[in-house]
Amino acid sequence: MNGTPYTPQRHINDHYDIVGFISSGTYGRVYKAVCKRTPGSSQPTTQAKHPDGRNIEAFAIKKFKPDKEGELQYTGISQSAIREMALCTELSHPALIHLVEIILESKCIFMVFEYAEHDLLQIIHHHSLLPRTPIPASALRSCMYQIFSGLLYLHQNWVIHRDLKPANIMVTSSGAIKIGDLGLARLFYKPLHALFSGDKVVVTIWYRAPELLLGSRHYTPAIDLWAVGCIFAELLSLRPIFKGEEAKQDSKKAVPFQRNQMGKIGEILGLPKKVDWPLLPAMPEFPNLQTVNMHNPGVNRPIGLDKWYRNTIQNNNYGGPQSPPPDDSALDLLKKLLEYDPLKRLTAEQALKHPYFTGDGKLPSWNCFEGLETKYPPRKVSTEAHEIGTGSLPGTKRSGLPDDSLLRPPQKKMRDG
Amino acid sequence: MAANYWDSTQAKFWTFTKPELVDMRKDLEKANQQLYNKYPLPDRRLMSIYIQQQLTKLGRRMSLRQQALATAQVYIKRFYLRVEMRKTNPYLIMATAVYLACKMEECPQHIRLMLGEAARQWPELGVSESSKIGECEFALISQLSSRLICHHPYRSLTELSPIFGLSNEETQLAHSIINDSYNTDLILLYPPHVLAIVAVFLAVVLRPAGQPAGLQAHSTHASASQQSPTQASPTSATGFSPTVSSSAAQQAFLGGFSGLKQAGPKLSKLVDWLAESKVDMNAVVDATQEMVSLYDVWESYSERACKEGITKFVKDGGTAGSSGVGPK
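So the protein sequences, as listed, match chains A and B.
According to UniProt numbering, the stretch in the first sequence is residues 1 to 417, in order.
According to UniProt numbering, the stretch in the second sequence is residues 1 to 328, in order.
Just so you know, the hints here were simulated from the structure itself, not pulled from any lab data.
Cβ atoms here follow ideal geometry from the backbone N, Cα and C, with glycine treated the same way.
Do not rely on the hints blindly, as some may be mistaken.
Across the chosen pairs, the derived CB separations fall in these ranges [what the hints assert, rightly or not]:
#	chain 1	residue 1	chain 2	residue 2	range
1	A	Asp17	B	Glu303	49 to 59 Å
2	B	Ala119	A	Ala254	32 to 42 Å
3	B	Ala11	A	Glu57	43 to 53 Å
A short, non-exhaustive set of chain A residues, derived as facing chain B with CB atoms under 10 Å [what the hints assert, rightly or not]:
#	residue
4	Ile77
5	Met111
6	Leu352
Start from the sequences, fold in the hints, and give me the full structure.
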């Protein structure tokens, strides 16, 4: 069989019709698709079923490009693609994005997911358009409850997500939260190497936990809880709470200390202290922590989460019969998530039992849009590029294909708007 | 997935009954009758021993972890349930399984390094481009239906050792017995904790605390007991042998299950614990029998016979492997 070509069992174009292009990233591209229809008929030739029995109407197909641009050879599948394939195949939970199948064809990997119409980044963006409106308290509570449910499932299965942020949390048109993008996720049960040694940098900077910023080598699922705390704050204020600037890695040198990001956190929470976080002095970047206030004196007079919260509720037009503000227990939950010491930070299990969810005796709905009139715009799908392109030059940028920036304005611009 | 072995793809899709395994293999044989006639091979377990020893040698060259090698062996086992071995180049499958397993077990190796080391060890590999490993990786993942997370008995052993107060030596012996179990179908038949219990049982019976390794055979695995159990056993290139001799395993099996209470407190604790646990005792007994039977068949192992068997169909690859690793 040496030299015998690999023959795929299923072909992407035999089963799916590509509707359009959704987005692209370092991994490859995502397309929207529906089940293949026979020409002249509106009936799908095949029907994909969700394990719970319903038909799946639309799909998001993630196409991984080979490691090198325009590479015509098999180069070996990237470790992050392998992780995502293996974990998505293994895991199944209502609050996780559902993987329908994986097709390996033409040196490309196609991961076929159930389509979700929205994501939290879109929803935040929609509310930040003028006139600025707050995310209704009931929706917020439902979103958070579903996120924690999905996160508890991940952590119970020894998976740390490691890249939670609003863009990676999908929302279906029926208001179900779907945690997505497990490309950085990995198992943490007795890793063969320290988790640190594999991927030096994890979690998008704004959502990165303080122990990561301080160079901790043996981090834990608590990093996901910090990220969820940041997401919670962002859903409340419609802006990233700690919007730092990433210090870029210079050539092959060591990972730099993220002074600016640490400063942004310090402006609100104050810098961490040994009394609150006993293991703090053991952090590799602990000596650098003392330099943060020289660059950012704001950390000496932090505004504190209480004041941040009051300002946010006020500035975001919460109030009135239309949109009552969240219960005060929201602030308490936020404080316990944005806790410096990872050992004291709330776990997903504890968070689900927090009074914010259990207080009034009625658990949040699994439909975050329940009782709402707001209609969110559907995901933008560019129909210019129908081809998923299994044939020619996989992974190369083609002229006429929309770039990321056209579909999703750079985050900075969006936030200012 | 550790919390939920019962929800795992291994439990749901890659665990079979014995009759199911027999049927799958019969189907493969029926579909490839001519190849079977033309290229007879030694007992499947002996072929597994050959593959394991080859992987161990490669693992030693590359300082790979035992767990990655175990995962690679599981991939190979599953793959050959779906694809006839005589239609493949087992060396390419081995190299690819190790390459994939290393990524899955978070100790990735560069594809070119993998090719280089595999080619050096196996002149029969027959490929000189890393893209061939990349292509074979697609075939492998496709046959495995992307179900790549494996549950091994090693983790259960780590949990069981303190419960039964095993000495380091006993734990190491149990660890080596688990290594040996990959030469049977057990990982396709039973949950990993059952295999760990069998390994603990055999280890305790074979080496009661405080006694010299009386029942224990010429094991090279045991001589590695000072080594970290996560490293591939640094067995000498020529000195591969089973952890347990056939006769010792027989004795252990007969003795252990006929109420050999005098074997010491560890064994009686194990027996009591098993009686109270919900562990499937039939599975434990059957798996122990399979191990005893493995050590029996191991006595007839000949590396040369396995190697030559493979070489024949690999050499004739042009005719034998016309349909390659791709499905039909």
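Consistency of the hints with the structure:
1. Asp17/A with Glu303/B: 49 to 59 Å: Taking Cβ atoms as reference, Asp17/A and Glu303/B lie about 54 Å apart, which means the hint holds.
2. Ala119/B with Ala254/A: 32 to 42 Å: This hint holds: roughly 35 Å between Cβ atoms.
3. Ala11/B with Glu57/A: 43 to 53 Å: violated, 31 Å
4. Ile77: Nearest chain B Cβ about 6 Å off; hint holds.
5. Met111: holds, 9 Å
6. Leu352: violated, 16 Å
The structure fails to meet hints 3 and 6 from the earlier list, while all remaining hints are met.
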